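Peer 1: Chain residues, written in single-letter form:
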Amino acid sequence: MSAHAEALHGGDHHGPPPANQSSRIAPTILGMFLFIGTEAMLFGSFFAAYFFVRVVNPDAPSTWPPAPNEFPQFVAGINTAILVTSSFTMHWALQSIKRNNRRGLQAGLLLTILMGTAFLLTQFIEYAHIGFNTSDGAFASVFFGLTGLHGAHVLVGLLLLTFAANRAFRGHYSPEHHHGVELPGIYWHFVDVMWIVVYVTVYLI
Amino acid sequence: MSVIEHTSHDAGHGSGAPPNRRNILMRPGFVRAAWCFALFFLVGLYLVAGIRWLAGWDPVYDWNIIVLVGGLTLAPIGFLLGLGSFDYWLYWISGRPTIPDDHANHGAHTWKDYFKVNTDHKVIGVQYLVTTFIFFTLGGLMAMLFRAELAQPGMQFMDNQTYNGLVSMHAALMIFVFIIPAFAGLANFAVPLMLGAPDMAFPRLNALSFWFLPIAGTMFLCSFLAPGGAFATGWTSYAPLASEQPIGQIFFNMGVQWAGASSILTALNFLVTIITMRAPGMTFWRMPLLVWANFTTSLLVVIATPFIAGSQFFVMFDRIMHTSFFVPADGGYVLGYQHIFWFYSHPAVYIMILPGFGIISEIISVMSRKPIFGYRLMAMSLLGILVLGFSVWAHHMFVAGMADWLRVPMMISTLLIAVPTGVKVFSWLATLWEGRIKLNTPMLFSLGFISMFVIGGLSGIYLASVPITIHASDTYFIVAHIHYVLFGGSVLTVFAGIYYWFPKMTGRMYNERLGKLHFWLTFISFNLTFFPMHWVGLVGMPRRVADYSDRFADLNLFVTISSFALGASVVVFFYNMIVSWARGPIAESNPWRAMTLEWQVSSPPPIFNFDEIPQVVGGPYEYGVPGARHAILTGGGTPAAKEAHA
Chain A
1 MSAHAEALHG
11 GDHHGPPPAN
21 QSSRIAPTIL
31 GMFLFIGTEA
41 MLFGSFFAAY
51 FFVRVVNPDA
61 PSTWPPAPNE
71 FPQFVAGINT
81 AILVTSSFTM
91 HWALQSIKRN
101 NRRGLQAGLL
111 LTILMGTAFL
121 LTQFIEYAHI
131 GFNTSDGAFA
141 SVFFGLTGLH
151 GAHVLVGLLL
161 LTFAANRAFR
171 GHYSPEHHHG
181 VELPGIYWHF
191 VDVMWIVVYV
201 TVYLI
Chain B
206 MSVIEHTSHD
216 AGHGSGAPPN
226 RRNILMRPGF
236 VRAAWCFALF
246 FLVGLYLVAG
256 IRWLAGWDPV
266 YDWNIIVLVG
276 GLTLAPIGFL
286 LGLGSFDYWL
296 YWISGRPTIP
306 DDHANHGAHT
316 WKDYFKVNTD
326 HKVIGVQYLV
336 TTFIFFTLGG
346 LMAMLFRAEL
356 AQPGMQFMDN
366 QTYNGLVSMH
376 AALMIFVFII
386 PAFAGLANFA
396 VPLMLGAPDM
406 AFPRLNALSF
416 WFLPIAGTMF
426 LCSFLAPGGA
436 FATGWTSYAP
446 LASEQPIGQI
456 FFNMGVQWAG
466 ASSILTALNF
476 LVTIITMRAP
486 GMTFWRMPLL
496 VWANFTTSLL
506 VVIATPFIAG
516 SQFFVMFDRI
526 MHTSFFVPAD
536 GGYVLGYQHI
546 FWFYSHPAVY
556 IMILPGFGII
566 SEIISVMSRK
576 PIFGYRLMAM
586 SLLGILVLGF
596 SVWAHHMFVA
606 GMADWLRVPM
616 MISTLLIAVP
626 TGVKVFSWLA
636 TLWEGRIKLN
646 TPMLFSLGFI
656 SMFVIGGLSG
666 IYLASVPITI
676 HASDTYFIVA
686 HIHYVLFGGS
696 VLTVFAGIYY
706 WFPKMTGRMY
716 NERLGKLHFW
726 LTFISFNLTF
736 FPMHWVGLVG
746 MPRRVADYSD
756 RFADLNLFVT
766 ISSFALGASV
776 VVFFYNMIVS
786 WARGPIAESN
796 PWRAMTLEWQ
806 VSSPPPIFNF
816 DEIPQVVGGP
826 YEYGVPGARH
836 AILTGGGTPA
846 AKEAHA
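Going line by line, the protein sequences match chains A and B.
Position 159 (the first sequence) corresponds to 159 in my numbering; numbering is contiguous.
Position 547 (the second sequence) corresponds to 752 in my numbering; numbering is contiguous.
FYI, nobody ran anything at the bench for these hints, they're computed from the structure.
Wrong hints could be hidden among the right ones.
To be verified - Going by beta-carbon spacing under 10 Å, a handful of chain B positions derived as facing chain A:
id, residue
1, TRP297
2, GLY300
3, PRO408
4, ALA484
5, ASP535
6, ILE545
7, PHE815
Unchecked claim - Some, not all, of what chain B presents toward chain A, calculated at C-beta under 7 Å:
id, residue
8, LEU295
9, ILE298
10, PRO403
11, ASP404
12, LEU473
13, ARG483
14, VAL507
15, GLY515
16, ILE525
17, SER529
18, GLY537
19, VAL539
20, ALA635
21, SER807
22, PRO811
23, PHE813
The structure displayed is predicted, hence computed values, not measured ones.
All C-beta atoms in this analysis are idealised placements derived from N, C-alpha and C, irrespective of residue type, glycine included.
Make the full structure from the sequences, and use the hints.
Peer 2: Right, here's the structure in full:
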């Protein structure tokens with residue numbers, strides 16, 4: 001079989017022969033943006049549930065969260081700062097490989113992963129000390145739903161970044177070829193922006 | 206040090222042994238899939254039990270959660286891993302050289318290649334169609350079972366829960382693992398060919414999306430084995446009923462997630478393919494309408510499908526984690542489920558018909574030997590349906606107790622959708638006008654589709670008005686309406702598409718006489734089955750109830766007999782397909798003398814579709830226009846291509 005393939009394509013190529021490129025955007029980048037579009041809509045359905053529970057529902061609580069529960073705004077604020085910073089280190093990693101600075105790429109990815117992990121751990125500890133559980137009413141459902149969905153996305157982002165870091169330390173990526181860093185980067189920025197929306201809607205207002 | 210990056214241009218292949226020399230337990234395939242399935246189930250089981258034991262929750266073995274995490278989430282992932290869906294990616298992310306497995310897994314040389322993770326869009330298209338038709342058969346058999354129960358008033362063979370389980374299973378199979386993916390299958394086969402592309406943009410993702418599908422369908426079916434029986438809440442699975450049903454309900458919730466993930470990933474793949482891989486000269490305004498239809502459908506899927514994922518997550522959370530999304534006593538909002546569900550599921554009815562519109566546009570133009578009437582308007586009306594489709598969801602909730610002020614806006618936007626749909630119907634009729642019509646099987650199904658879809662569409666307009674819905678809601682009138690648009694509409698287009706592309710897919714011709722027999726049997730028995738339901742519905746027979754009043758007995762017996770005839774008509778189809786695929790006469794490369802690109806290559810097409818990327822020079826439907834060409838092919842073109850515009 002591979003002999004047949006080599007006869008067709010010179011053997012140094014996986015998959016079908018190159019197609020005509022009818023758009024300036026690279027397929028992988030476009031695919032990632034579309035994927036983020038569906039992810040945004042998934043968050044949209046969770047925000048819809050939030051909207052129904054907090055606004056539409058005739059029995060909506062007069063205070064948010066309903067007394068005596070409280071959301072730890074301060075801790076979550078610190079966490080927000082950590083996640084926003086990690087977006088900058090991610091950007092630094094990408095810019096580094098574009099300038100052929102491998103150390104910068106590696107350091108940027110590692111810092112991003114560290115901050116993402118710190119965010120998740122803080123979130124986990126926050127859950128443990130928050131004083132209410134998933135079964136304590138619709139506000140808790142919405143709170144754990146939105147923050148949990150976001151946490152799952154942080155986890156996926158961390159996995160993608162770990163894959164990228166692994167390859168970065170093995171000497172992959174170059175100023176010309178760095179989609180493997182760019183794609184997790186786009187995803188990471190999305191996770192970051194989504195957190196700001198979650199933080200503002202669930203914790204602050 | 207060699208710097209390696211990016212999937213398709215990796216340098217070294219590698220050190221890894223060729224896959225077929227590995228031990229049968231380690232080789233990608235069904236054996237590895239079986240033990241990975243079991244292993245991942247056990248991982249899920251002990252993960253759940255371990256966490257519950259550490260947290261001190263009782264009971265440690267909570268089978269609701271173990272089934273969900275181990276059985277319905279991790280075990281299918283293990284199955285896919287064993288089958289080899291992730292092999293390439295796992296090599297890639299670990300930074301090892303990737304095994305040159307692609308060509309071995311590309312294209313079908315024996316029938317066994319259809320049971321592998323195959324990356325060829327043509328093979329995947331056939332895999333989709335065969336799989337979906339298996340589910341179609343099972344769903345149809347269930348319909349005949351509950352029609353048998355409905356042959357007489359009173360309870361004969363089953364109790365209410367079983368009856369509702371059968372009805373729900375029928376709908377879930379037909380909608381989620383038959384109609385939507387059957388269109389994905391046809392498009393998978395045709396769209397890259399029509400674009401002049403060698404394959405889809407992400408072939409491995411394409412293969413993965415296909416394999417989600419048998420998982421989803423099997424998951425639905427497995428709920429029959431669950432204690433308490435299959436899920437019985439209808440395909441809409443309204444909360445809070447759904448979170449209080451026996452455990453079989455989880456199989457529906459998770460099955461929808463797998464089917465939804467499959468259709469999202471396929472849609473993403475289509476969008477990227479259509480945007481980035483068109484042949485030179487193939488502008489958006491030169492794309493065949495099937496491509497336009499799938500472009501629009503894919504946009505709908507990408508935007509809307511996450512909402513059904515969300516709604517099913519909430520139901521599962523309410524059951525497993527005791528949240529109160531839809532528990533009014535704890536501040537939940539019951540109607541929230543319906544809003545979120547229908548925000549997907551109304552666009553979903555367009556997901557289930559727009560690709561069919563595309564198929565019909567192809568066939569009507571080719572078989573009338575005329576350019577499609579109003580090509581640009583046909584494309585624009587698809588986009589119009591896309592936009593309007595998001596503004597009508599609450600017309601499913603006129604009697605649900607939602608806010609009164611929402612009713613009239615939703616009624617008006619629903620009526621507005623008739624405008625772009627009407628544009629399409631009149632354009633088809635205008636295309637037929639004074640055409641040299643060839644009444645072969647695909648064309649018969651297309652004409653059957655137009656007439657039946659108009660009936661279904663008219664009862665849709667009827668139902669859009671609030672007072673009629675209040676009268677007809679939850680009666681057999683709704684059942685009649687949905688079957689006129691989904692069977693008379695979508696399923697007839699699927700049949701039309703299969704007959705139309707059968708010679709291209711298999712390289713053989715189907716039997717025309719059997720095809721026509723299939724059409725007439727289907728068309729007549731379909732009408733005999735579903736038309737009387739309008740009547741029994743309007744005079745008050747409720748849906749989703751196993752028993753009914755004696756005054757409906759005669760018509761119901763008639764409907765049951767007709768439905769068995771409808772079931773029998775499918776046997777003709779299967780016989781024709783199987784025998785023709787095995788022993789049918791060899792088909793020409795372009796039996797319909799069509800201009801679109803898939804007909805300009807051999808039947809079946811070469812492994813990478815085109816020897817040279819074709820150059821597109823004109824519109825796809827210039828039939829009868831002197832000197833008009835759609836594309837110029839060097840090398841791969843066949844003599845028939847040059848006669849296409851005759």
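Peer 1: Please write out, lowest number first, the hints stated earlier that are contradicted by the structure.
Peer 2: 8, 16, 19, 20, 21 and 22
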